[in-house]
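Protein chains: 2
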Amino acid sequence: MKITGIRERSVTLASKMRNASIDFSKMTASVVAVTTDAVRGGKPVTGYGIGSNGRYAQGGILRERLIPRVMEADAADLLDETGENFDPAKILAQMMLNEKPGGHGDRAVACAVIDMAMWDIVAKLAEQPLWRIIADRFNGGAHDDRVLVYPGGGYYYPGKGLAPLQDEMRGYLDKGYRVVKMKVGGADLDTDLRRIDAVLAVVGDGSNLAVDANGRFSLEDAIAFGKAVESYGLFWFEEPGDPLDYALQAELAQHYPGAMATGENLFSRQDALNLIRHGGMRPDRDWIQIDPALAYGFSEYLHIDAMLTAHGWDRRRQIPHGGHQLGFNMAAGMQLGGSESYPLVFQPWGGFADNVDIVDGYARPHDTPGIGIELKSAVYRELKTLAAA
Amino acid sequence: MKITGIRERSVTLASKMRNASIDFSKMTASVVAVTTDAVRGGKPVTGYGIGSNGRYAQGGILRERLIPRVMEADAADLLDETGENFDPAKILAQMMLNEKPGGHGDRAVACAVIDMAMWDIVAKLAEQPLWRIIADRFNGGAHDDRVLVYPGGGYYYPGKGLAPLQDEMRGYLDKGYRVVKMKVGGADLDTDLRRIDAVLAVVGDGSNLAVDANGRFSLEDAIAFGKAVESYGLFWFEEPGDPLDYALQAELAQHYPGAMATGENLFSRQDALNLIRHGGMRPDRDWIQIDPALAYGFSEYLHIDAMLTAHGWDRRRQIPHGGHQLGFNMAAGMQLGGSESYPLVFQPWGGFADNVDIVDGYARPHDTPGIGIELKSAVYRELKTLAAA
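Those protein sequence lines, which keep their order, are chains A and B.
Position one of the first sequence corresponds to residue 9 (this note's numbering), numbered consecutively onward.
Position one of the second sequence corresponds to residue 9 (this note's numbering), numbered consecutively onward.
No wet-lab data here; the hints were simulated from the structure.
Hints are not guaranteed to be accurate.
[As the list claims (entries may be wrong)] Here are the computed lysine-lysine pairs in the DSS-like style, where the Cα-Cα straight-line distance is at most 27 Å:
hint: 1; chain 1: B; residue 1: Lys-24; chain 2: A; residue 2: Lys-34
hint: 2; chain 1: A; residue 1: Lys-98; chain 2: B; residue 2: Lys-34
hint: 3; chain 1: A; residue 1: Lys-24; chain 2: B; residue 2: Lys-98
hint: 4; chain 1: A; residue 1: Lys-10; chain 2: A; residue 2: Lys-98
hint: 5; chain 1: B; residue 1: Lys-34; chain 2: B; residue 2: Lys-235
hint: 6; chain 1: B; residue 1: Lys-34; chain 2: A; residue 2: Lys-10
hint: 7; chain 1: B; residue 1: Lys-24; chain 2: A; residue 2: Lys-98
hint: 8; chain 1: A; residue 1: Lys-10; chain 2: A; residue 2: Lys-24
hint: 9; chain 1: A; residue 1: Lys-34; chain 2: B; residue 2: Lys-98
hint: 10; chain 1: A; residue 1: Lys-183; chain 2: A; residue 2: Lys-235
hint: 11; chain 1: B; residue 1: Lys-168; chain 2: B; residue 2: Lys-24
hint: 12; chain 1: A; residue 1: Lys-168; chain 2: A; residue 2: Lys-34
Values in this document were obtained by computation on a predicted structure and should not be read as measured data.
Start from the sequences and build out the full structure, keeping to the hints where you can.
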């Protein structure tokens, strides 16, 4: 059994929206199709990986470093101990051959896309949905039949006033979401407070609203913002300062008693460990948002999960960033706190299965083998052409 | 005045050597040529950038993200306040447009190559060697007429015994070097101690020998190694553990009283600040080795230098990694502790000018405008073809 090919393509995630840190006018992501000579249901098994948003496509690293290393490996060295399935950890190790430590950035994003495809293959070979594989292997067989999902939304758009922002949030509630998220830090404090008030008028209690500063605030700005919103009891205050400024995060925790969340721009177990060691995150209320589709994949996430557990963090405090089906499978199979979701933005790549029902803010996992990419028709149409390329 | 083109190419740094972390069998780097419509001596001014070693070529990021952003900018927005020269900081900001915070890896390497070319241009437009520009702008006009240089060497090669290692070190001394560096951590402790003893038999006192573990050791291994070599009084013990494991570094400082050095795998001012905040580095004896040609360039390094100074670090404790002419210019112009040097490895890209004289372990800065790349004939031959491509 072997990998017969790995094909990659850059796809556009471009839109007119922006957060406090960047605009998405030229945003791209890498997608991959990993073909194998294994057969299920009379057809060769193919796995798909879709890059998460925010860090651009990684075609150069994929073509020049990662794909050749995997294709040059002895096929038997990439299988698990049964010899009947692949071992994604071994494939990740092969991708990282002769890569120096540290500097976890674009390389982590590139590895993650292939790792996602490998986990899709693992589940397809076992003829199980990925969340069930995860539950059996890493959660003693237990899983959740419904997963908390929240839409990453409330971006800034040119000329967008309060009424369209309220319409967007009403749309999420109409779809079945309870907790919504909006961007902050991309306008002055007064403007942001008016935006927050407008959204609260739609979603009701502050516990239904998370806000995300995308790393924009200085410590002083973060403290001022925190004081201004403290009484709302928000679901969380996300990525207040530079994601690597652990001291800022720790100091802010002395000023803001509400829940905080961060992690989407930490791309390795060592970076995550530094957050836990130095960032003053509070296991009784804060949230960890490492994105497996940006950070070397689910294979690396397992080490991050083990580290968090060893430091006394409950898995319910993990909510992966990215709004992708990998995060959703992980949330169901590991019984995490939930998963981000993109019902409106980053289309067609954002969002879950076409037919997914959101009820009271929760979504049910799928029944088909793999990650479930085939259940998202617009995405699957494009990925099929990549596999056949 | 404007940039008329940015061309990039991947070049090979491949060799059979390895350190404790990787082998260099497929090592590559990006080189760039930035052409302008400015004229000096009757010819258009071209700047050159050469990627440092260890993190591979970055053609994808250069072609897809960085170069288009620079070429799409309004030319006037890239000039300094005089309008008669470029402002590399503005060009770096343009390269980083719509890049999220955190994740400082391959992107930092790609930015650094173009930033190097821009500083080459700045100096050529001023018709000065770069070290003099640096001295005038950032060091009150003072500079060093000689720079401490040490060869990064002593790599592991297949089948290489002690005698060839000693021959290599003798070769460095014959060239005029005093302090040499060798790799450790790629063999068991006994083997490494025999290698160290063999080199000390050549270079004499331990103060002439630095050792580099390339991030390979666990805390326990690093403590054990430190105890084994403590009595030698080595010049430094470099990158003992994972470069992002600041707690390991801080704990090791409680066990190893000798000098330590690290930083080549930290790629931003925030990562460097974390090392200073959390890594227990000792300003009275340790060394900071950030590589400007891997970490967003000299434009970013200026912020790192300011941060180090604000935290009480003398500039003499900085010795940039990478063995390139940029680091050498910085060492001379900012009066740093010195610069790494690659007289033998990474050829033809390693090393300084063809005619550079090393005397008592020091080298003299050049007199020609720019970084001095034209003084290295094999490199300049290849870069000229890139500029004309």
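Evaluation of the provided hints:
no.: 1; hint: Lys-24(B) / Lys-34(A); in the structure: violated (40 Å)
no.: 2; hint: Lys-98(A) / Lys-34(B); in the structure: holds (20 Å)
no.: 3; hint: Lys-24(A) / Lys-98(B); in the structure: holds (24 Å)
no.: 4; hint: Lys-10(A) / Lys-98(A); in the structure: holds (13 Å)
no.: 5; hint: Lys-34(B) / Lys-235(B); in the structure: violated (35 Å)
no.: 6; hint: Lys-34(B) / Lys-10(A); in the structure: holds (24 Å)
no.: 7; hint: Lys-24(B) / Lys-98(A); in the structure: holds (24 Å)
no.: 8; hint: Lys-10(A) / Lys-24(A); in the structure: violated (42 Å)
no.: 9; hint: Lys-34(A) / Lys-98(B); in the structure: holds (20 Å)
no.: 10; hint: Lys-183(A) / Lys-235(A); in the structure: violated (32 Å)
no.: 11; hint: Lys-168(B) / Lys-24(B); in the structure: holds (11 Å)
no.: 12; hint: Lys-168(A) / Lys-34(A); in the structure: holds (20 Å)
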